[in-house]
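Participant: Listed below, chain by chain, are the residues.
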Amino acid sequence: MEIATPKYNMSEKPEGIEGAGFFATSLEKVVGLARKNSIWPLPFATSCCGIEFMATMGAHYDLARFGSERLSFSPRQADLLMVMGTIAKKMGPVLRQVYEQMAEPRWVLSVGACASSGGIFDTYSVLQGIDRIIPVDVYVPGCPPRPEQIIDGVMKIQELVEKESFRRRDSKEYKAMLNQYGIE
Amino acid sequence: MEVVEQEKIIGAINEKFEGQILKTEMLYDFFTITLKKDSIIDIIGHLYHHPSTQFQYLTTLCGIHYPDQKQIAMMYQLHNLVSNVQVRLKIHLPEENPTVPTLTPVFAAANWLERETYDFFGVIFQGHPNLKRILNVDEMIIFPMRKEYPLEDQTREDKNDTMFGR
Numbered sequence: 180m181e182i183a184t185p186k187y188n189m190s191e192k193p194e195g196i197e198g199a200g201f202f203a204t205s206l207e208k209v210v211g212l213a214r215k216n217s218i219w220p221l222p223f224a225t226s227c228c229g230i231e232f233m234a235t236m237g238a239h240y241d242l243a244r245f246g247s248e249r250l251s252f253s254p255r256q257a258d259l260l261m262v263m264g265t266i267a268k269k270m271g272p273v274l275r276q277v278y279e280q281m282a283e284p285r286w287v288l289s290v291g292a293c294a295s296s297g298g299i300f301d302t303y304s305v306l307q308g309i310d311r312i313i314p315v316d317v318y319v320p321g322c323p324p325r326p327e328q329i330i331d332g333v334m335k336i337q338e339l340v341e342k343e344s345f346r347r348r349d350s351k352e353y354k355a356m357l358n359q360y361g362i363e
Numbered sequence: 062m063e064v065v066e067q068e069k070i071i072g073a074i075n076e077k078f079e080g081q082i083l084k085t086e087m088l089y090d091f092f093t094i095t096l097k098k099d100s101i102i103d104i105i106g107h108l109y110h111h112p113s114t115q116f117q118y119l120t121t122l123c124g125i126h127y128p129d130q131k132q133i134a135m136m137y138q139l140h141n142l143v144s145n146v147q148v149r150l151k152i153h154l155p156e157e158n159p160t161v162p163t164l165t166p167v168f169a170a171a172n173w174l175e176r177e178t179y180d181f182f183g184v185i186f187q188g189h190p191n192l193k194r195i196l197n198v199d200e201m202i203i204f205p206m207r208k209e210y211p212l213e214d215q216t217r218e219d220k221n222d223t224m225f226g227r
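As given, the protein sequences belong to chains A and B, one line each in that order.
Position one of the first sequence corresponds to residue 180 (the numbering used here), numbered consecutively onward.
Position one of the second sequence corresponds to residue 62 (the numbering used here), numbered consecutively onward.
Take these hints with a grain of salt, some might be off.
Derived DSSO-like pairs (lysine-lysine); straight-line CA-CA distance at most 30 angstroms [claimed, not checked]: (1) K268/A - K193/B; (2) K193/B - K269/A; (3) K269/A - K84/B; (4) K354/A - K215/A; (5) K69/B - K84/B; (6) K77/B - K151/B; (7) K215/A - K342/A; (8) K193/B - K208/B; (9) K84/B - K268/A.
Treat the hints as calculated values from the structure; they're not laboratory data.
All of these numbers come straight from a predicted model, not from anything done at the bench.
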């Protein structure tokens, strides 16, 4: 009988030079690796997608496997803003303020049809997608998306975090992009 | 609702406000009195104190838009918690200038309800202590429950006539 070898969920080591007792790589890659596996999400849950997020954080799906078990309910310590649910126009300035209070580098995950485009709420009182007020990194479709999809979205964020260069947030392009949203 | 109860209410109104009642009807098992708009607040105050009616609880009030008649109606729903009798009072206001005195001196609960009605229908409540929008964003320039304004958000780009029949 063959005994299955246990499969550890470990990160791949970055490219580098390896030898007896040492491993050399660029600092950017090491920082990317560390950041990627310790994202602190801020859940901004306003409706049913938030319920799916509860399942995502629960034992069955368990976002902790991706190093994101520590939710930050203060925007100042959060890395990832997860917007889950319908954002009414009256909620818009609140969401924007939460985003502005987050420290760089920061990422935004838009979960579900409502956050991404307004969804079924094509009405005068609902914001037709959060990308009208804040920049979004990854969109997760679904109404609501299953926990697997939310995890997939977080993994896409992880890819972005891993590959982000140190200089990106200081770049002219990034500042111009923020200025488009009227964020200093 | 028994006819006796209906006659009690009509009698109480006619005691002091003869000729104000335009129509009485049962709408979906709910006794409804349509009144002239001039002394609606006095009538509600009168029904509050009158021993045979005692409508001392304001269930709700709201606006209704009738675009064909170019009218905005105000509806007040009152409840007598002692005898468990309810009544609906209705008045019609002109669409271009829907103005009515505030009900807040009689019922403090009318404050937020009237703000909501102002927010969605643009009815002006004269003498209201704080008449501003309550649910919608302050920057909104329309009264969204009026039929001339579209329900949909007009800035949405992913829907067009060919696909969704806008």
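Participant: Could you work out which earlier hints the structure fails to respect and list their numbers in ascending sequence?
Facilitator: Hints 3, 9 are the ones this structure does not satisfy, whereas the remaining hints hold.
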